[in-house]
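Number of protein chains: 2
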Amino acid sequence: MTQQTLENINLLDGLPTDVIEELNKQCRWKWYDAHEQIIDRQADSTDVFFIVQGRVRIVIYTVGGKEITLDDFTEGKQFGEMAAIDGLPRSASVMAIDRALLAAMPQPRFMSLLTGHPIVAERVLKNMAHIIRISNERIMDLSTLGAANRVHAEILRQARENMTDEDEAFISPIPIHSDIGSRISSTRETVARVMNDLARKGFVERQKNGLIVKNIELLTQMVEEVRGD
Amino acid sequence: MTQQTLENINLLDGLPTDVIEELNKQCRWKWYDAHEQIIDRQADSTDVFFIVQGRVRIVIYTVGGKEITLDDFTEGKQFGEMAAIDGLPRSASVMAIDRALLAAMPQPRFMSLLTGHPIVAERVLKNMAHIIRISNERIMDLSTLGAANRVHAEILRQARENMTDEDEAFISPIPIHSDIGSRISSTRETVARVMNDLARKGFVERQKNGLIVKNIELLTQMVEEVRGD
Numbered sequence: 001m002t003q004q005t006l007e008n009i010n011l012l013d014g015l016p017t018d019v020i021e022e023l024n025k026q027c028r029w030k031w032y033d034a035h036e037q038i039i040d041r042q043a044d045s046t047d048v049f050f051i052v053q054g055r056v057r058i059v060i061y062t063v064g065g066k067e068i069t070l071d072d073f074t075e076g077k078q079f080g081e082m083a084a085i086d087g088l089p090r091s092a093s094v095m096a097i098d099r100a101l102l103a104a105m106p107q108p109r110f111m112s113l114l115t116g117h118p119i120v121a122e123r124v125l126k127n128m129a130h131i132i133r134i135s136n137e138r139i140m141d142l143s144t145l146g147a148a149n150r151v152h153a154e155i156l157r158q159a160r161e162n163m164t165d166e167d168e169a170f171i172s173p174i175p176i177h178s179d180i181g182s183r184i185s186s187t188r189e190t191v192a193r194v195m196n197d198l199a200r201k202g203f204v205e206r207q208k209n210g211l212i213v214k215n216i217e218l219l220t221q222m223v224e225e226v227r228g229d
Numbered sequence: 001m002t003q004q005t006l007e008n009i010n011l012l013d014g015l016p017t018d019v020i021e022e023l024n025k026q027c028r029w030k031w032y033d034a035h036e037q038i039i040d041r042q043a044d045s046t047d048v049f050f051i052v053q054g055r056v057r058i059v060i061y062t063v064g065g066k067e068i069t070l071d072d073f074t075e076g077k078q079f080g081e082m083a084a085i086d087g088l089p090r091s092a093s094v095m096a097i098d099r100a101l102l103a104a105m106p107q108p109r110f111m112s113l114l115t116g117h118p119i120v121a122e123r124v125l126k127n128m129a130h131i132i133r134i135s136n137e138r139i140m141d142l143s144t145l146g147a148a149n150r151v152h153a154e155i156l157r158q159a160r161e162n163m164t165d166e167d168e169a170f171i172s173p174i175p176i177h178s179d180i181g182s183r184i185s186s187t188r189e190t191v192a193r194v195m196n197d198l199a200r201k202g203f204v205e206r207q208k209n210g211l212i213v214k215n216i217e218l219l220t221q222m223v224e225e226v227r228g229d
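Chains as they are written, first to last, in the UniProt record's numbering: chain H, 1 to 229; chain V, 1 to 229.
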């Protein structure tokens with residue numbers, strides 16, 4: 001049974017135990033089922049959520065229901081700061097990927113936490129700067145790369161987080177085509193086609209429990225050449 | 001002659017006069033010519049810049065030199081907070097649009113300003129939240145709209161800031177095709193083609209000193225229909 005405590009939340013690292021214990025009591029605690037919606041875009045809630053167990057996915061939906069994944073967050077992270085900070089409607093929807101225990105902190109408590117502990121405010125600022133950098137890269141990719149090259153760039157990104165050798169990586173479990181599609185704003189079919197092409201050319205090899213990525217340096221060159229058009 | 005003072009910077013609004021005067025002395029002041037580069041992407045400078053006079057453009061360049069405009073900033077705004085906050089290389093390049101007077105504040109002074117004045121920190125947080133929201137919309141547009149509809153969406157955006165009547169707007173001066181192209185990640189030629197099409201259909205009418213946009217409600221519907229695919 002997972003304990004209802006914020007002691008492993010990165011944002012709060014180093015705060016005194018009594019402050020953490022007080023915050024624990026000021027949050028609403030709730031278990032979410034896999035695929036359950038946590039935040040509805042355009043909703044006017046302003047709570048900040050801390051992930052104590054499980055994973056969540058940040059998504060935006062087009063009017064027609066197309067799903068665009070912005071990011072996945074895991075244990076120790078938080079989400080929902082944006083609406084808490086600017087008071088505007090939620091900028092994205094959030095759903096649980098698997099069963100998740102979340103702590104919802106009311107907006108006024110979150111803001112007083114920032115004012116009272118500059119280290120927390122600094123971490124929130126750094127976190128937002130990171131999101132802006134990632135967004136800029138994505139805008140650049142969307143603006144300059146075709147769908148095939150966006151798949152290559154995404155596989156490379158995942159490979160770099162899972163290097164097993166100088167020029168090789170092992171991504172486990174095997175990335176799901178529709179997940180990649182959602183992340184790079186393309187379709188499952190396009191991703192499947194590009195992945196088959198990469199397998200044929202020897203860049204990826206499917207295993208039972210994961211995907212081997214090879215010739216990473218060459219793949220990097222390919223992406224950068226197209227990016228430069 | 002513009003005075004070298006930060007008193008009209010929005011971020012610092014409400015700070016005591018003696019704090020402003022001290023900050024004035026702690027900045028490096030410089031005039032930039034039109035089109036002069038202010039920040040080079042990937043440079044390791046960490047100053048924060050305040051715009052006392054003039055306008056600047058935030059851009060990212062692809063390896064091949066394609067220019068993607070992220071935003072234009074004008075008097076009273078600041079830029080360069082990202083590298084000051086996270087210490088990483090600049091996320092974008094910045095150049096002067098016209099002759100501009102800027103104050104460059106050293107990173108340590110900026111960070112102590114945030115810690116010492118929570119209202120300033122809160123404004124920086126709000127500002128970054130705004131940038132993230134804009135980026136999300138742009139990612140959504142790039143992911144769901146074709147180039148023609150991105151032009152429509154951009155014209156609508158500018159029209160809504162310049163309404164003259166319930167269903168009509170006047171954008172002055174006439175938007176430059178290459179500027180629109182840079183902003184929506186398309187070419188000058190594509191923009192020209194789409195704008196001619198809009199003129200033929202009666203949505204825009206070119207005047208000597210500006211662009212009339214008509215039937216804004218209908219144009220909005222057109223954009224939303226495509227966005228929903």
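FYI, nobody ran anything at the bench for these hints, they're computed from the structure.
Worth double-checking, as some hints may not be accurate.
In silico DMTMM-like pairs for lysine to aspartate or glutamate, Cα to Cα no more than 20 Å straight-line [to be verified]: (1) K126(V) <-> D44(H); (2) K126(H) <-> E122(V); (3) K77(V) <-> D86(H); (4) K77(H) <-> D197(V); (5) K126(H) <-> E137(H).
Here's a subset of chain H near chain V, in silico, CB distances under 7 Å, partners left out [stated by the list, open to error]: (6) I60; (7) P118; (8) R133; (9) I139; (10) T187; (11) R188.
By construction, the Cβ of each residue, glycine as well, lies at the ideal position given by its N, Cα and C atoms.
Structure-based check of each hint:
no. : hint                : verdict
1   : K126(V) <-> D44(H)  : 17 Å, holds
2   : K126(H) <-> E122(V) : 14 Å, holds
3   : K77(V) <-> D86(H)   : 18 Å, holds
4   : K77(H) <-> D197(V)  : 48 Å, violated
5   : K126(H) <-> E137(H) : 17 Å, holds
6   : I60                 : 6 Å, holds
7   : P118                : 5 Å, holds
8   : R133                : 5 Å, holds
9   : I139                : 6 Å, holds
10  : T187                : 11 Å, violated
11  : R188                : 15 Å, violated
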